[in-house]
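Hey, can you work out the whole structure from these sequences and the hints?
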Amino acid sequence: MAQVLLSNVRKSYGDVEVIKGVDWQINDGEFVVIVGPSGCGKSTLLRMIAGLETISGGEISIKGTVVNKLEPSERDIAMVFQNYALYPHMSVYQNMAYGLKIKKIPKEEIEERVQKAAEILEIEDYLERSPRQLSGGQRQRVAMGRAIVRQPAVFLFDEPLSNLDAKLRVQMRLEIKKLQENLGITSVYVTHDQVEAMTLGHRLAVLNEGVVEQLGTPIEIYEKPQTVFVAGFIGSPSMNLINGKLDDEGNSIVLPEGGTVKLSKGKKQYKGQEITLGIRPEHVTLAKGKENGIEVKISVVEQLGADTLVHCTLGKGETKISDTGFVVRLSGIKTFEEGSFMSLNFADKHLHMFDAKTGKRIE
Amino acid sequence: MLKRVHFGTSVLPYLLLAPQIIVTLVFFIWPASQALYQSLLIEDAFGLSSEFVWFENFENLVSDKTYLNSFQRTAMFSFSVAFIAMSTALVLASMADRVIKGALTYRTLLIWPYAVAPVIAGALWVFMFDPTLGIFVYALKAIGYEWNHKLNGNEAMFLVVVASAWKQVAYNFLFFIAAMQSIPKSLIEAAAIDGAGPVKRFFSIIFPLITPTTFFLLVVNVVYAFFDTFGVVHAITQGGPAKATEILVYKVFYDGFVGLDLGGSAAQSVILMAIVIVLTVIQFRYIEKKVEYT
Ligand SMILES: Nc1ncnc2c1ncn2[C@@H]1O[C@H](COP(=O)(O)OP(=O)(O)OP(=O)(O)O)[C@@H](O)[C@H]1O
Ligand SMILES: [Mg+2]
Chain A
1 MAQVLLSNVR KSYGDVEVIK GVDWQINDGE FVVIVGPSGC GKSTLLRMIA GLETISGGEI
61 SIKGTVVNKL EPSERDIAMV FQNYALYPHM SVYQNMAYGL KIKKIPKEEI EERVQKAAEI
121 LEIEDYLERS PRQLSGGQRQ RVAMGRAIVR QPAVFLFDEP LSNLDAKLRV QMRLEIKKLQ
181 ENLGITSVYV THDQVEAMTL GHRLAVLNEG VVEQLGTPIE IYEKPQTVFV AGFIGSPSMN
241 LINGKLDDEG NSIVLPEGGT VKLSKGKKQY KGQEITLGIR PEHVTLAKGK ENGIEVKISV
301 VEQLGADTLV HCTLGKGETK ISDTGFVVRL SGIKTFEEGS FMSLNFADKH LHMFDAKTGK
361 RIE
Chain B
1 MLKRVHFGTS VLPYLLLAPQ IIVTLVFFIW PASQALYQSL LIEDAFGLSS EFVWFENFEN
61 LVSDKTYLNS FQRTAMFSFS VAFIAMSTAL VLASMADRVI KGALTYRTLL IWPYAVAPVI
121 AGALWVFMFD PTLGIFVYAL KAIGYEWNHK LNGNEAMFLV VVASAWKQVA YNFLFFIAAM
181 QSIPKSLIEA AAIDGAGPVK RFFSIIFPLI TPTTFFLLVV NVVYAFFDTF GVVHAITQGG
241 PAKATEILVY KVFYDGFVGL DLGGSAAQSV ILMAIVIVLT VIQFRYIEKK VEYT
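Protein chains in written order, with the working numbering: chain A, 1 to 363; chain B, 1 to 294.
Derived from the structure by calculation, the hints contain no laboratory data. Here a beta-carbon is modelled for each residue, glycine too, at the ideal position from N, C-alpha and C. Each statement offered as a hint is correct.
Part of the chain B face toward chain A, derived, beta carbon under 8 angstroms:
id: 1; residue: E189
id: 2; residue: A192
id: 3; residue: I205
Between beta-carbon pairs, the in silico distance windows are:
id: 4; chain 1: A; residue 1: E112; chain 2: B; residue 2: F83; range: 38 to 44 angstroms
id: 5; chain 1: A; residue 1: S56; chain 2: B; residue 2: F83; range: 42 to 48 angstroms
id: 6; chain 1: B; residue 1: L140; chain 2: A; residue 2: L70; range: 45 to 51 angstroms
id: 7; chain 1: A; residue 1: N163; chain 2: B; residue 2: W30; range: 55 to 61 angstroms
id: 8; chain 1: A; residue 1: E108; chain 2: B; residue 2: L140; range: 51 to 57 angstroms
id: 9; chain 1: B; residue 1: L140; chain 2: A; residue 2: S61; range: 51 to 57 angstroms
When the alpha-carbon atoms are kept at most 30 angstroms apart in a straight line, the in silico BS3-like pairs for lysine-lysine are as follows:
id: 10; chain 1: A; residue 1: K20; chain 2: B; residue 2: K185
id: 11; chain 1: B; residue 1: K185; chain 2: A; residue 2: K63
id: 12; chain 1: B; residue 1: K200; chain 2: A; residue 2: K103
id: 13; chain 1: B; residue 1: K185; chain 2: A; residue 2: K104
id: 14; chain 1: A; residue 1: K20; chain 2: A; residue 2: K224
id: 15; chain 1: A; residue 1: K316; chain 2: A; residue 2: K360
id: 16; chain 1: A; residue 1: K63; chain 2: A; residue 2: K20
id: 17; chain 1: A; residue 1: K69; chain 2: B; residue 2: K200
Given below as structure tokens:
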């Protein structure tokens, strides 16, 4: 049972705490993706699991053993690095066999395992080449091969696809997903790519400044972000966040830019409170009449082919233009006149509300 | 529009180059050509007359037992110096590579010996190993060893080798540490995850990846031992006892200025010159070779 447990894991560099108490349970065979902005501590957390960084506080256990004091090699993990970290003076075969040789595994078995991994990754033809003679994608495969042959309990990936071009990234993404499913090895994957975050893992952890803001299935996180940060971070283009205030009955939200948003289900307990209103660009529709909606001025229109992104600023009439941006995503090719006004509409169920002070979700 | 600056045929570039060219001419090219010319002459002991003899000086050298002995001694000496200086530097560098706190102090201290002049370095070791005053000799006596490098040729050789190597460690250390720090950290980490301990990592990853540097340093150290150790030898043993530490550079000096055999001494220095040229060519050939990190 390759479970990975983190309890109150902390890391500080001098006075600076970069991981501020992470609690997790990663189940056997589960694929967990860590996502977060640059510098939030993703790599640090992963490297602590790997044993490449010391643990300042808390406990990490793998397969039921506390590994805080164990060397990386004793933790039964394999890691794929962003820059692949292939040994440049060894052939592909030697790269993959290195760890096995150190473990004193019989030669025939090494050969067999390397062959098998090479078959899975379709790199049999390159075994005698040196890493220098491979393309980025092939190097990536070798790096994965080196991880696979060790048959570890846990795979750790630190942005393994970020050095590849867009097309190859899509291909490798699918392969990694398939590979993980087939091998069933518990995996932790760090990325800052939205699509990888949403598609790869069973569960997604959103990290912000050393704190796990939310841990859940990608869909859960997309549909019910628990904090303003998660709401703004997951999704591309990101969720529109507007400041507003619930009226005295808690039945509608008053926007400072003018306009109100009526709620079908009143929020009595929060009446009069300052809130942040969130609505995803893809959940906005053009208003036909003057129902529940807001007015915006169109500033830039981007046509992506499949979609049209309309960048607007919130405001009603020439006099009340604010600088709060608002993005609308409409499917298909639509044309708009830049500088004109329009009203927008959205269904109540797509509305997210957060406490303006704590940033926590209001249900 | 960019304005281009043209010096035209002004004298400025020549003026700027002149100091370097003059230094090269006066201190390298002229003495070298003098040595070449001298090596073809035989001069009488009083310097009154000289005779052009073509390669007779060289022929004499080749059949001169003391010269061939000195050649052998120099080869032994050079490789010992290179080996000791490089292996010490390698150990220190691989330790410094892992140090994080106080790394700068550590490195600065290690670089100091390089700034010490050869004769001063020699003098230091002479004091430490002086048969009557030296602190090391005193310590050795305590464990029952009589040290006297003024009588024992092997001890003298040992002392000269150690003193010469000591001075070169700093230089080697700088190159080794630079090479080690250019190895991506993730490579070492990958090896650690693969289960390689520090020693295994050193021999299977770090050492192979710094071979170009090692090779470069090997040539530099051999050149150093061949040519720049005159000061050390002169300060410690003056080539003695009984010529036990008379390496080639020292013999050039001794035969020329003490023995007054100017032609023979010049011929020796021409041979040394040829050796250094060959070594330099080898070095430039291979220094181009670099490791590519993927
Ligand atoms: N050796 C160190 N000493 C001091 N601070 C460090 C050290 N290593 C990392 N940090 C800090 O820890 C924080 C987290 O770093 P980390 O590398 O984990 O970020 P990340 O989330 O992986 O970012 P990225 O997406 O850019 O890779 C950063 O603010 C960084 O400056
Ligand atoms: Mg990182």
